[in-house]
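Same order as they appear, the protein sequences are chains H and S.
264 is the number that this note's numbering gives the last residue of the first sequence; the numbers go up by one with no jumps.
324 is the number that this note's numbering gives the last residue of the second sequence; the numbers go up by one with no jumps.
Keep in mind that the hints were calculated from the coordinates and are not lab data.
C-beta atoms are modelled at their ideal positions from N, C-alpha and C, and glycine is treated no differently.
Don't take each hint at face value.
Stated by the list, open to error - For lysine to any residue, the following SDA-like pairs were computed, each having C-alpha atoms within a straight-line distance of at most 20 Å: (1) S:K131 / S:D186; (2) S:K137 / H:R31; (3) S:K137 / H:A219; (4) S:K138 / H:V41.
Claimed, not checked - Just a sample of chain S residues kept apart from chain H, beta carbon distances all over 12 Å, derived: (5) V11; (6) G168; (7) A275.
Chain by chain, the residues run as shown.
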Amino acid sequence: MTVSAQAQPAAAGPGTRRSPLAQLTRVEFRLFLRERVGPVWGVGFPILLLVIFGSIPSFKDGLADSGGLTLLDSYIPILVVMSLGLLGFVSLPLTLVNYRERGILRRLETTPAGRVRVLGAQLIVNFGMAVVTLAVLLIVARLAYDVPFPRQFGAWIITTLFAAAVILAMGLFVASIGSTARAAAAIGNVLFYPMMFFAGLWLPIPAMPETLQHIAHAFPLGAAWESFQQAALGHWPPVLALGAMAAWTVAFAVIAGRFFRWE
Amino acid sequence: MTVVIDVQGLHKEYGATVAVDDVSFSVQEGEIFGILGPNGAGKTTTVECVEGLRVPDRGSVRVLGLDPRRDRAELTQVLGVQLQDSQMPERLKVAEALDLYSSFYRSPADWRALMEQLGLADKATTPFKKLSGGQQQRLSIALALVGNPRVAVLDELTTGLDPQARRDTWELIEGIRDRGVTIVLVSHFMEEAERLCDRVALIDSGRVAVIDSPATLAERAVSEQRIQFRPTASFDDALLTSLPEVTSVIHRGDVVVVTGNRDALNAVISVLARNQIVARQLRVDQGSLEDAFLELTGRGARNGSAHGDGQGKGER
Chain H
2 MTVSAQAQPA
12 AAGPGTRRSP
22 LAQLTRVEFR
32 LFLRERVGPV
42 WGVGFPILLL
52 VIFGSIPSFK
62 DGLADSGGLT
72 LLDSYIPILV
82 VMSLGLLGFV
92 SLPLTLVNYR
102 ERGILRRLET
112 TPAGRVRVLG
122 AQLIVNFGMA
132 VVTLAVLLIV
142 ARLAYDVPFP
152 RQFGAWIITT
162 LFAAAVILAM
172 GLFVASIGST
182 ARAAAAIGNV
192 LFYPMMFFAG
202 LWLPIPAMPE
212 TLQHIAHAFP
222 LGAAWESFQQ
232 AALGHWPPVL
242 ALGAMAAWTV
252 AFAVIAGRFF
262 RWE
Chain S
9 MTVVIDVQGL
19 HKEYGATVAV
29 DDVSFSVQEG
39 EIFGILGPNG
49 AGKTTTVECV
59 EGLRVPDRGS
69 VRVLGLDPRR
79 DRAELTQVLG
89 VQLQDSQMPE
99 RLKVAEALDL
109 YSSFYRSPAD
119 WRALMEQLGL
129 ADKATTPFKK
139 LSGGQQQRLS
149 IALALVGNPR
159 VAVLDELTTG
169 LDPQARRDTW
179 ELIEGIRDRG
189 VTIVLVSHFM
199 EEAERLCDRV
209 ALIDSGRVAV
219 IDSPATLAER
229 AVSEQRIQFR
239 PTASFDDALL
249 TSLPEVTSVI
259 HRGDVVVVTG
269 NRDALNAVIS
279 VLARNQIVAR
289 QLRVDQGSLE
299 DAFLELTGRG
309 ARNGSAHGDG
319 QGKGER
């Protein structure tokens with residue numbers, strides 16, 4: 002083996018230096034698809050549920066006191082929240098904890114990539130997948146099961162941003178307190194199911210006792226559900242719901258920033 | 009000669025464990041500097057402070073005049089690092105890893121050429137988890153060099169490589185040094201240090217025991233020489249035992265084993281020659297860096313790492 006390479010410039014040549022963040026995001030996106038956990042759980046599972054619910058005749062019945070919604074219509078925001086939740090609670094923290102356990106974060110620390118870009122790429126990939134899933138959910142629901150698109154689309158997009166922010170912040174929180182992949186998975190599950198309960202996965206929020214309803218509205222995923230539901234009905238999301246999501250985002254992000262370890 | 013790395017009075021504790029007690033050394037531009045020592049001696053912690061992964065409790069570290077923590081962005085551009093047991097994402101392919109890492113640097117090396125030189129070209133599309141240990145190690149070396157660093161810190165360079173791959177890697181490292189890259193090599197392989205390093209620092213229990221060239225260290229460690237041969241004719245042992253340089257003479261079958269000080273060989277050969285005896289199949293065991301290591305770290309009798317091992321293999 003002889004080494005003849007003399008400080009050669011990259012194949013791309015000077016002046017066309019590629020953006021590290023774009024490269025990281027591209028690679029992480031490919032890995033996300035190859036790992037299959039994110040696509041299967043975050044994307045496939047909610048769509049599978051949609052297909053199952055959509056195939057149950059009683060889900061097409063109109064709901065009382067709902068302004069002409071069917072049961073299926075009212076389930077779409079729940080599935081949306083669940084999809085976001087799975088990406089945030091499962092896919093994001095598992096990837097990060099796995100990277101930490103295997104020294105990948107540490108290795109990246111010794112390069113000029115920088116922490117912001119490393120985490121940024123993960124957040125972009127998961128947010129991108131969330132947007133894709135939401136779009137697929139809406140389109141499949143519309144085409145296959147006649148669920149109308151959200152009547153207030155701008156509100157739906159704003160809600161998506163707030164909901165994604167709080168859920169990704171919770172994902173970082175799980176990754177920061179879970180020291181091993183096993184622990185992170187356990188913490189993710191322990192948080193995910195109660196959170197989903199308060200988003201009405203098992204019992205729709207309007208059917209809950211009043212106290213539970215108040216709790217649900219204050220919880221991040223409940224607030225997200227509320228906002229999506231309002232957007233679907235053609236209203237702007239309640240300020241309180243957006244405020245709750247923003248507050249939870251800050252709280253989880255601060256804790257994650259304080260406790261996240263790179264090795 | 010310019011000083012590239014300057015470490016003064018480095019001290020680092022983890023809780024109650026003193027990982028590095030007091031380490032000082034400086035590395036000159038263009039040399040291969042070895043950091044040797046038993047497990048748990050503080051080698052890895054020392055280089056982690058150089059890499060900026062750890063904050064020293066006391067002491068100063070400068071790499072090319074940069075502070076590894078404060079001047080992080082600049083340091084990472086010029087310092088290539090190979091970490092002990094670090095991995096890549098399982099499904100990341102060799103070419104993708106090299107392409108990705110090269111995108112981090114201002115003026116990266118040609119990663120395709122590097123892949124070629126490290127014998128990974130036919131593994132370009134193989135995911136990390138399907139690589140053998142040696143291939144993973146070579147990828148790790150390639151990634152340390154892909155940024156065209158001025159200084160490379162390589163921790164346990166050839167651990168896990170088979171003898172052929174180890175020799176190939178040594179040649180590669182020499183080639184990189186010839187390009188003007190300064191190299192710090194953390195190792196517990198004496199043979200590797202003897203072959204590659206211009207100077208080595210022996211670190212023991214968090215302190216520098218000695219810094220010198222491997223040859224000088226080996227020579228200094230020679231307190232005894234062992235000479236074996238088959239004489240062409242039998243002779244009286246007194247012929248040799250009477251020599252002041254010789255301490256003992258033993259017969260093993262028709263093989264004679266003589267021990268003595270470092271001048272014993274000359275004395276024995278000339279006495280035999282005077283008596284018309286030829287020493288056939290002559291073998292001399294001289295000191296090596298390993299002897300120096302064992303002597304300086306006082307582990308000769310205890311055989312292995314006896315203390316400071318509470319931190320285990322990772323020695324972080």
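Status of the hints after comparison with the structure:
{"no.": "1", "hint": "S:K131 / S:D186", "result": "27 Å, violated"}
{"no.": "2", "hint": "S:K137 / H:R31", "result": "16 Å, holds"}
{"no.": "3", "hint": "S:K137 / H:A219", "result": "44 Å, violated"}
{"no.": "4", "hint": "S:K138 / H:V41", "result": "23 Å, violated"}
{"no.": "5", "hint": "V11", "result": "22 Å, holds"}
{"no.": "6", "hint": "G168", "result": "15 Å, holds"}
{"no.": "7", "hint": "A275", "result": "44 Å, holds"}
Hint check: violations occur at hints 1, 3, 4; the rest are consistent with the structure.
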